[in-house]
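Novice: Please model the complete structure; the sequences and the hints are all you need to start from.
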Amino acid sequence: MNASPAVLSPPYDVARVRADFPILARSIHGKPLVYLDSAASSQRPLAVLRAVEHYETTLHANVHRGVHSLSQWATEAYERSRETVRRFINARSSREIVFVRGTTEAINLVANSWGRGHLTAGDEVLITHLEHHANIVPWQMVCAATGARLRAAPVTAAGELDLDAFRQLLSARTRLIAVAHVSNALGTVLPVQEIARIAHAQGIPVLLDGAQAVPHAAVDVRALDCDFYAFSGHKVYGPTGIGVLYGRESLLAAMPPWQGGGEMILSVSIEASTYNELPWKFEAGTPNISGAIGLGAALEYVESLGREAIAAHEHGLLELASQSLAALPGVRLVGTAAGKAAVVSFTMKGIHPHDIGTILDSEGIAIRTGHHCAMPIMQFYGLPATARASFGCYNDTQDVERLIQGVRKVRELFG
Amino acid sequence: MDLKELYREVILDHNRSPRNFGRLDPADASAAGRNPLCGDVLDLTLRMDGDRLTDLRFEGQGCAISMASASLMGEAVKGRRRDEIERLYADVHALLTGGESVDAQQLGKLAALGGVAEFPARVKCASLCWHTLNAALAQKHAPVTTE
Numbered sequence: 001m002n003a004s005p006a007v008l009s010p011p012y013d014v015a016r017v018r019a020d021f022p023i024l025a026r027s028i029h030g031k032p033l034v035y036l037d038s039a040a041s042s043q044r045p046l047a048v049l050r051a052v053e054h055y056e057t058t059l060h061a062n063v064h065r066g067v068h069s070l071s072q073w074a075t076e077a078y079e080r081s082r083e084t085v086r087r088f089i090n091a092r093s094s095r096e097i098v099f100v101r102g103t104t105e106a107i108n109l110v111a112n113s114w115g116r117g118h119l120t121a122g123d124e125v126l127i128t129h130l131e132h133h134a135n136i137v138p139w140q141m142v143c144a145a146t147g148a149r150l151r152a153a154p155v156t157a158a159g160e161l162d163l164d165a166f167r168q169l170l171s172a173r174t175r176l177i178a179v180a181h182v183s184n185a186l187g188t189v190l191p192v193q194e195i196a197r198i199a200h201a202q203g204i205p206v207l208l209d210g211a212q213a214v215p216h217a218a219v220d221v222r223a224l225d226c227d228f229y230a231f232s233g234h235k236v237y238g239p240t241g242i243g244v245l246y247g248r249e250s251l252l253a254a255m256p257p258w259q260g261g262g263e264m265i266l267s268v269s270i271e272a273s274t275y276n277e278l279p280w281k282f283e284a285g286t287p288n289i290s291g292a293i294g295l296g297a298a299l300e301y302v303e304s305l306g307r308e309a310i311a312a313h314e315h316g317l318l319e320l321a322s323q324s325l326a327a328l329p330g331v332r333l334v335g336t337a338a339g340k341a342a343v344v345s346f347t348m349k350g351i352h353p354h355d356i357g358t359i360l361d362s363e364g365i366a367i368r369t370g371h372h373c374a375m376p377i378m379q380f381y382g383l384p385a386t387a388r389a390s391f392g393c394y395n396d397t398q399d400v401e402r403l404i405q406g407v408r409k410v411r412e413l414f415g
Numbered sequence: 001m002d003l004k005e006l007y008r009e010v011i012l013d014h015n016r017s018p019r020n021f022g023r024l025d026p027a028d029a030s031a032a033g034r035n036p037l038c039g040d041v042l043d044l045t046l047r048m049d050g051d052r053l054t055d056l057r058f059e060g061q062g063c064a065i066s067m068a069s070a071s072l073m074g075e076a077v078k079g080r081r082r083d084e085i086e087r088l089y090a091d092v093h094a095l096l097t098g099g100e101s102v103d104a105q106q107l108g109k110l111a112a113l114g115g116v117a118e119f120p121a122r123v124k125c126a127s128l129c130w131h132t133l134n135a136a137l138a139q140k141h142a143p144v145t146t147e
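As you go down the protein sequences, you meet chains H and D in turn.
Heads up: the first sequence is residues 1 to 415, going by the working numbering.
Heads up: the second sequence is residues 1 to 147, going by the working numbering.
What the hints contain is simulated information worked out from the structure, not anything from laboratory work.
One or more of the hints may lead you astray.
[Said to hold, decoys possible] Result set (BS3-like, lysine-lysine): computed pairs, CA atoms no more than 30 Å apart in a straight line: (1) D:78 - D:124; (2) H:409 - H:349; (3) H:349 - H:31; (4) D:4 - H:349; (5) D:109 - D:4; (6) D:109 - H:409; (7) H:31 - D:4; (8) H:409 - D:4; (9) D:124 - H:31; (10) D:109 - D:124; (11) D:109 - D:78; (12) D:109 - H:349; (13) D:124 - H:349; (14) D:4 - D:78; (15) D:124 - H:409; (16) D:4 - D:124; (17) H:31 - H:409.
[Stated by the list, open to error] Computed from the model, here is a short list of chain H residues facing chain D with C-beta under 7 Å: (18) 352; (19) 354; (20) 355; (21) 362; (22) 371; (23) 384; (24) 385; (25) 413.
The beta-carbon is built from N, C-alpha and C at its ideal position, and this holds for glycine as well.
Specialist: Listed below in structure tokens is the structure:
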């Protein structure tokens, strides 16, 4: 197309981005690393490593506990990260930002605190068929405890949510809708705004599992109009062991604490306790302070690259990889939704994904193989496993070319 | 790290056309092997004559290493006594984990699995069938003593 150069955004300088990630300089089995497993865990830029180091070497003490200077500084740094998270997802208030270990813990928190308070026998929780186990098992557990029923909306052969079937599964007993924003196994972007609209028309709250969405797109919880949003730090270039639960303030305020301990109380006697305010009510025990600070730095790093720029860059890689893979004989793409994030799942005729993974590894190429903690969607496709390449802000077209060469080598070896 | 060591021709051949594939019905013992991390599935059925394994079949799905290992195991254990199988398993285990040196002569075709030791992530693929066989033999053991 004849787009005027004036409207084009500046070219995305992937070489400069790569230089921010020290691990990308290393070799695996004598070959330069091609890291295509960011959907499992992304790598961390120097900005994050330095923020954590700065905190550990100059600021560390326990938060919210001391009158001494270090404790105050640590508290300020920790709370500043909360404010960064709030801004990043456009929450109304930092009281709506709860630091947790990750997406899994965030969903478990909602299942236990909100779920046990709101679900009774015969109630229903509606998920989809393509959820990660972290958005299935907590609901199974709370359903078993309350007598509620877990229902799952089907997907189409392309891996898109069947929205009509979804609507039909809504009933007068549906109490919560919990769906992935982006499928980890397939990359499908779900129509979450539409889902929220449908749900709210019936007064049903919506939880979004945003683990795979936050790294790839601008997430605005107010525009999405979701009630809960969960994501992990380590998938968005931050540390492991830190994640976020966003909750609409009115909902969080009415929910009981999930875990009890320090930090989450205002006063304790042997008979009873007064719980702390939001968000600390949900942060029992000493939190992952350095993780939160690293996460704040990661989100600032993503902002510095530009979320739209990252998304556009990754989309180019996804298109290239999908077309190149689909052109290879015997390769089948699994999940061909119209709207996808930077994930390409595939199988090779007659070759198990683990063998693909081992052979690519010998070429220095890291991909994920297996069921991706999403066994129901694998069962839907009748597959025990797939090979999955996923892209991050630091991948380039050379990575895609190496992947294609690697897949060719797999075919040669297996004949 | 030598891929050709892992994917030797014998392995590729047994993966492509696994021997003793299927199910015995009736069977004297059976066991299901599952590798939850990989999604590997292996169902093993046995016929026994006293202490001797007279026939076996396996079915399931998994990577080339797990399929070939099950196929090679079937050929190696058929017709053997329980104690012989136990000794063989000890040798295979040592081979897979790269422990003490193993007498390749003893192992016969199973020695083709020797490359696995260099790929620690794949040891569980090769050993799934042996764990499943142990479970089936143990299951057979119990009824045998009460009959």
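Novice: Determine for every hint whether it applies to the structure shown.
Specialist: Results for each hint:
1. With a C-alpha separation of about 22 Å, the suggested pair residue 78 of chain D and residue 124 of chain D falls inside the 30 Å cut-off, and the hint holds.
2. Of the pairs offered as hints, the one joining residue 409 of chain H and residue 349 of chain H holds, with about 14 Å between alpha carbons and a cut-off of 30 Å not exceeded.
3. Straight-line distance between C-alpha atoms of residue 349 of chain H and residue 31 of chain H comes to about 27 Å, which keeps the hinted pair within the 30 Å bound.
4. Restraint check for residue 4 of chain D and residue 349 of chain H: the C-alpha separation of about 20 Å stays at or below 30 Å, so the hint holds.
5. Using a Cα cut-off of 30 Å, the hinted pair residue 109 of chain D and residue 4 of chain D holds, with the two alpha carbons roughly 16 Å apart.
6. For the hint pairing residue 109 of chain D with residue 409 of chain H, the CA-to-CA distance comes to about 26 Å; that is within 30 Å, so the pair holds.
7. Simply put, residue 31 of chain H and residue 4 of chain D have alpha-carbon atoms about 17 Å apart, close enough for the 30 Å limit, and the pair holds.
8. Simply put, residue 409 of chain H and residue 4 of chain D have alpha-carbon atoms about 12 Å apart, close enough for the 30 Å limit, and the pair holds.
9. Between residue 124 of chain D and residue 31 of chain H, the direct Cα distance comes to roughly 26 Å. Compliance with the 30 Å bound is thereby established for this hinted pair.
10. Only pairs whose Cα atoms come within 30 Å are accepted, and residue 109 of chain D paired with residue 124 of chain D is accepted, the gap being roughly 19 Å.
11. Of the supplied pair hints, the one linking residue 109 of chain D and residue 78 of chain D holds, its CA atoms being roughly 14 Å apart against a limit of 30 Å.
12. In summary, the hint linking residue 109 of chain D to residue 349 of chain H is supported, as the alpha carbons are separated by about 27 Å, within the 30 Å threshold.
13. For the given pair, residue 124 of chain D sits about 23 Å from residue 349 of chain H by alpha-carbon distance, which is consistent with the 30 Å threshold.
14. Between the alpha carbons of residue 4 of chain D and residue 78 of chain D the distance comes to roughly 28 Å, so the proposed pair stays at or under 30 Å and holds.
15. The suggested pairing of residue 124 of chain D with residue 409 of chain H holds, with an alpha-carbon distance near 24 Å, which does not exceed 30 Å.
16. Taken as a hint, the residue 4 of chain D and residue 124 of chain D pair is honoured in the structure, with Cα atoms around 19 Å apart against an allowance of 30 Å.
17. Proximity of residue 31 of chain H to residue 409 of chain H is assessed by CA-CA distance (about 15 Å); at most 30 Å being required, the pair is judged to hold.
18. A distance limit of 7 Å between C-beta atoms decides the matter here; for residue 352 of chain H the minimum to chain D is near 4 Å, and the interface restraint holds.
19. Interface hint status for residue 354 of chain H: upheld, as the beta-carbon distance to the closest one in chain D is roughly 4 Å, under 7 Å.
20. With a least beta-carbon distance of about 5 Å to chain D, the hint placing residue 355 of chain H at the interface is held under the 7 Å criterion.
21. Here the hint on residue 362 of chain H is kept, as its CB sits about 5 Å from the closest CB of chain D, short of 7 Å.
22. For the restraint placing residue 371 of chain H at the interface with chain D, the shortest Cβ-Cβ distance is roughly 5 Å, inside the 7 Å limit, so the hint holds.
23. Hint status for residue 384 of chain H relative to chain D: holds, with the closest Cβ pair at about 4 Å, below 7 Å.
24. Contact between residue 385 of chain H and chain D, as hinted, is supported at the beta carbon level, the nearest pair being about 5 Å apart and thus within 7 Å.
25. At a threshold of 7 Å, the smallest CB-CB gap from residue 413 of chain H to chain D is about 6 Å, leaving the interface hint in force.
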